[in-house]
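Using full-length UniProt numbering, you'd call the opening residue of the sequence shown number 1 and step up by one each time.
Where hints are given, some of them may not hold.
Unchecked claim - Calculated cross-link-like contacts (lysine-lysine; reagent style DSBU-like; alpha-carbon spacing at most 35 Å):
1) K102 with K167
2) K105 with K167
3) K105 with K226
4) K96 with K162
5) K11 with K105
6) K105 with K170
To be verified - Pair ranges (Cβ atoms, derived):
7) G126 with L225: 39 to 47 Å
8) K162 with L122: 35 to 43 Å
9) E125 with R166: 42 to 50 Å
10) M14 with R231: 39 to 47 Å
What the hints contain is simulated information worked out from the structure, not anything from laboratory work.
Where is the CB? At the ideal position from N, CA and C, for every residue including glycine.
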Amino acid sequence: MASFWTPHLIKANMGDANGPTKTGLFNLYLDEHDQEWTTQIDEFDYIIISAGHWFFRPMVFYENHRIVGCHYCLLPNVTDLGMYYGYRKAFRTAFKAINSLKNFKGITILRTFAPSHFENGLWNEGGNCLRTQPFRSNETQLEGHNLELYMIQMEEYRIAEKEGRRKGKKFRLLDTTQAMLLRPDGHPSRYGHLASENVTLYNDCVHWCLPGPIDAWSDFLLQMLKMEGIRSARDRLQFG
Numbered sequence: 001m002a003s004f005w006t007p008h009l010i011k012a013n014m015g016d017a018n019g020p021t022k023t024g025l026f027n028l029y030l031d032e033h034d035q036e037w038t039t040q041i042d043e044f045d046y047i048i049i050s051a052g053h054w055f056f057r058p059m060v061f062y063e064n065h066r067i068v069g070c071h072y073c074l075l076p077n078v079t080d081l082g083m084y085y086g087y088r089k090a091f092r093t094a095f096k097a098i099n100s101l102k103n104f105k106g107i108t109i110l111r112t113f114a115p116s117h118f119e120n121g122l123w124n125e126g127g128n129c130l131r132t133q134p135f136r137s138n139e140t141q142l143e144g145h146n147l148e149l150y151m152i153q154m155e156e157y158r159i160a161e162k163e164g165r166r167k168g169k170k171f172r173l174l175d176t177t178q179a180m181l182l183r184p185d186g187h188p189s190r191y192g193h194l195a196s197e198n199v200t201l202y203n204d205c206v207h208w209c210l211p212g213p214i215d216a217w218s219d220f221l222l223q224m225l226k227m228e229g230i231r232s233a234r235d236r237l238q239f240g
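The task is simple: from the sequences and hints, build the whole structure.
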């Protein structure tokens, strides 16, 4: 088992530790693989990929080794293409990297976007998440940034899955988005640090408490692995 830190899935680095919002300005190379993980997975049985909230931060986009635009970089003579542009390209490049690996015979699982739950303001405008109960299914819906990011994932997944099938690759979907949308009560809010720390933080309505709602992801994954085992056994009986 291995874990790779690749919040943008593709080649990226820090261009400015502060940036226009004091959260960093990142250089994203939208057509280049992140070799920190793409060169390591040939022998893996499963890989699970996801990305999301890091794309809200300011970014400069590179293609063919030149700047093509950015997301909220506030740099002179650089066109703001918005975060969706980089998000789509990042997933497309990551999926292409997987499909190009000749020796990788495992299964790629996309874990879909987990929405944040800021209310009464954005993350940097006093927004908070104080609910103590889950939403009922008719109390909320996927919309705005959450919907757009989810749809981009699904569109790029379908493209990659179709291409992968042609090459003998296997893709599966771990769709956690709707389940997480209903859990505004699962974030640490102002309690996302040790009680002894003398710090002032933004309210954290992005990350999840442990134990908490994301424990369900493991349950979903376990069921998927069981289904893969059944499918594999059935194939061996049929073609063995």
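Are E125 and R166 spaced within 42 to 50 Å by their CB atoms? Holds, at about 47 Å.
Holds or violated: K102 and K167, Cα atoms, limit 35 Å. 9 Å, holds
Do the Cβ positions of M14 and R231 conform to the proposed distance bound of 39 to 47 Å? Because 42 Å falls inside the window, the suggested range holds.
Take the C-alpha atoms of K96 and K162, compute the straight-line distance between them, and say whether it is at most 35 Å. 12 Å, holds
Between the alpha carbons of K105 and K167, is the straight-line distance 35 Å or under? Distance of about 10 Å is within 35 Å: holds.
Is it true that the CA of K11 sits at most 35 Å from the CA of K105? 23 Å, holds
Okay, G126 versus L225 on CB: inside 39 to 47 Å? 42 Å, holds
Compare the distance between the alpha carbons of K105 and K170 with 35 Å, and conclude whether the hinted pair is satisfied. 8 Å, holds
Is the hinted range of 35 to 43 Å satisfied by the C-beta distance from K162 to L122? At roughly 37 Å between Cβ atoms, L122 and K162 fall inside 35 to 43 Å, so the hint holds.
Given the hinted pair K105 and K226, is their alpha-carbon gap at most 35 Å? 18 Å, holds
In the structure shown, no violation is registered for any of the earlier numbered hints.
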